[in-house]
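Student: When you get a sec, could you build the whole thing from the sequences and use the hints?
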Amino acid sequence: MPSIAVWKFTSCDGCQLTLLDCKDELLPLTERVHIAHFLEATSVSEPGPYDISIVEGSVTTPEEAERIRWIREQSGVLVVVGACATSGGIQALRNFADVDEFRSIVYARPEHIATLGTSTPVSAHVAVDHELRGCPIDKGQLLEVLTALLAGRKPDLPDTSVCTECKRRGLTCVMVAHGTPCLGPVTHAGCGALCPAVDRGCYGCFGPMNQPNVPALVPLLRRSGMGDDELHLVFRTFNANAEWT
Amino acid sequence: MTHRANRTLQVAGLARVEGEGALHVRTVDGEVDRVELNIYEPPRFFEAFLRGRDFREPPDITARICGICPVAYQMSACLAIEDACGVRVDGQLRALRRLLYCGEWISSHTLHIHLLHAPDFLGFPDGIAMAGAHRAIVERGLALKKAGNQIMDLVGGRAIHPVNVRVGGFYRVPTPEELRPLAKTLHQALYDALGTLEWVAGFDFPDLEVPHDLLALRDVEGYPLDRGEPCVSNGLAFPTAEFGRHVVEHQVAHSTALHARLDDRMFLVGPLARYSLNSDRLSPVAREAADAAGLGPVCRNPFRSIVVRAVEVVYAVEEALRIIESYERPDSPAVEVNPRAGVGHGITEAPRGLLYHRYELDQAGRILSADIVPPTSQNQSAIEADVTQVVHSHQHLDDHALQSLCEQTIRNYDPCISCSAHFLDFTRERT
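Chains as they are written, first to last, in my numbering: chain A, 1 to 245; chain E, 1 to 431.
Among the hints, erroneous ones may be present.
Here are a few chain A residues that sit away from chain E, every Cβ distance over 10 angstroms (derived from the structure) [what the hints assert, rightly or not]:
1. G48
2. E66
3. L157
Taking lysine-lysine pairs in the DSSO-like style, the calculated list, with each CA pair at most 27 angstroms apart, reads [as the list claims (entries may be wrong)]:
4. A:K167 to A:K139
5. A:K139 to E:K184
6. A:K23 to E:K146
Derived by calculation from the structure, the hints in this document are not laboratory data.
Using N, Cα and C, we set each Cβ at its ideal position, and we do this for glycine too.
Tutor: Laid out in structure tokens, this is it:
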């Protein structure tokens with residue numbers, strides 16, 4: 001049976017929880033793969049090498065920068081999951097600020113906090129085989145990657161926009177019909193258009209699509225009532241470090 | 001007897017907890033000399049980058065502190081900002097928030113009971129190995145968790161980091177017809193929750209009676225989730241705005257982590273505290289089930305927290321059913337919230353215990369400062385005290401058995417280290 005290891009870097013645990021959230025699929029999956037390391041789920045931890053490694057979280061400490069190289073060496077296929085692992089996550093907001101100041105705001109004794117000045121995606125450190133976007137990832141996409149890997153085929157992970165999923169669901173466009181600002185036209189597909197389904201504009205938690213046309217979207221966002229401050233904030237959230245333009 | 005005067009136990013990576021932590025225990029001349037629960041989870045600086053953000057953003061941003069209890073973060077954030085803006089969300093909108101929160105309790109508690117904690121009691125390394133011997137029980141647990149997730153999917157738009165929550169209420173509120181299928185799922189879930197409670201009540205529980213003060217919310221009615229006043233087992237109660245005056249972090253000599261104290265006393269938050277201060281507030285079915293499970297009105301044995309969690313799952317399922325049955329769609333999905341300069345406080349009961357948020361806003365609604373106190377930070381002293389007590393009274397165990405028992409003692413609190421990391425001091429352990 002292929003072995004699988006799940007690793008956590010700087011993150012909230014939500015993406016690896018997605019694996020435990022696979023209620024109907026979890027036990028059947030464990031009959032197809034051997035879980036060799038998954039600290040959140042099991043006390044068993046086996047040494048490498050591993051056929052598949054799933055990595056959640058971004059690299060924010062010198063130790064993590066070392067550890068990701070070791071995991072790459074030990075892993076046949078490296079799948080990175082979630083906005084933290086694929087773009088640096090919300091903690092990448094430090095990349096635009098003074099980390100020393102951040103440290104002193106949160107911690108009484110900032111000199112004891114060993115952290116890098118940046119939060120970076122896994123791909124900034126090692127070669128990555130598959131990326132799953134999202135804050136958090138979509139359960140269906142996670143199962144698609146695992147199924148494809150077990151079957152020896154290429155996973156089907158569209159890199160188009162949320163708009164395509166929204167249209168396919170037959171939802172009314174929140175921006176056209178209600179004037180609600182929406183990042184759907186430039187955001188990577190994968191969630192299934194969750195926000196428009198609740199009358200909310202997409203807020204970009206899957207990060208930029210392949211070749212997003214942000215300059216074309218900005219006037220529409222302005223027409224929907226967004227000012228300079230809001231425009232600045234809306235692209236600086238869960239995928240702030242990603243290439244939006 | 002393998003009684004040894006000097007011994008050191010080190011667990012470099014605690015398994016079956018959320019986030020990354022380590023445990024160090026040292027005994028000298030047969031006395032427990034040092035117990036440290038170390039946090040090596042890297043800091044993420046949430047309080048720092050919330051500065052300058054818009055007042056409508058904290059529910060989405062702070063949800064990302066924890067993938068296990070994002071609703072708790074969203075609810076405490078909403079309450080705090082609404083408090084700052086002088087708004088109170090009531091009626092069916094509040095009921096929907098409570099329904100969403102029930103979903104998170106069911107989901108989080110069920111995960112902890114079945115996949116993280118029960119394997120300790122039955123001697124398995126994880127829930128998957130446990131499923132080999134108890135498949136039907138684990139499947140029942142996963143079905144319960146699915147019911148919780150379904151509530152969050154339907155009301156929140158997504159189970160992890162829900163998209164439908166906003167300051168003032170929701171983006172879209174469901175119709176009664178949309179909620180109805182949930183009721184069918186929840187009737188089965190109630191049956192599963194009662195079965196789960198009966199199952200965990202039959203475990204063997206190590207003896208431990210903790211003297212810590214218990215801190216939990218208590219509301220004018222109902223079991224506390226989304227609202228209430230902080231109350232202490234010694235009879236003290238204080239307004240939410242005074243939380244920071246009572247719960248204070250101290251630096252202690254034996255650990256580099258910050259420890260919270262309640263009026264300079266050891267305390268704990270979470271299921272034991274909630275239950276002991278509110279056992280009279282359970283629904284009739286949950287109350288009866290708790291009695292049958294052997295829980296009195298107060299529970300001070302942290303090993304029995306798994307039983308209390310199972311009681312709370314029964315309650316949350318019943319409460320969710322009650323809300324769905326009396327639900328009428330509100331005219332508007334949210335109350336209008338206009339920013340104003342000021343400070344707001346919000347506390348709700350995360351599955352692991354009290355979660356406090358405080359925000360200071362300027363006139364335009366920009367966040368000037370943010371302060372977040374997660375439950376695991378508050379419990380850190382109690383966890384270490386419990387481990388100390390357990391090591392003291394189980395010195396006859398060999399290292400492996402004692403280490404397992406120490407880990408089980410930590411899991412009694414369902415610690416969420418991802419949450420506490422942005423808050424606690426950070427030390428790297430090289431073991």
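Student: Any Cβ of chain E at or closer than 10 angstroms to L157 of chain A, or is the non-interface label fine?
Tutor: L157 of chain A clear of chain E: closest Cβ-Cβ about 19 angstroms, beyond 10 angstroms.
Student: Against chain E, does G48 of chain A keep a CB gap of more than 10 angstroms to every residue?
Tutor: holds (15 angstroms)
Student: Can we trust that E66 of chain A is non-interface, i.e. its beta-carbon lies farther than 10 angstroms from all of chain E?
Tutor: At about 12 angstroms from chain E, E66 of chain A clears the 10 angstroms cut-off, so the statement holds.
Student: Against the 27 angstroms threshold, does the CA-CA distance of K139 of chain A and K184 of chain E hold or violate the hint?
Tutor: holds (24 angstroms)
Student: Take a quick look at whether K23 of chain A and K146 of chain E sit within 27 angstroms of each other, Cα to Cα.
Tutor: holds (6 angstroms)
Student: What's the verdict on K167 of chain A and K139 of chain A, does the C-alpha distance respect the 27 angstroms limit or exceed it?
Tutor: holds (21 angstroms)
Consistency note: the structure conflicts with none of the earlier hints.
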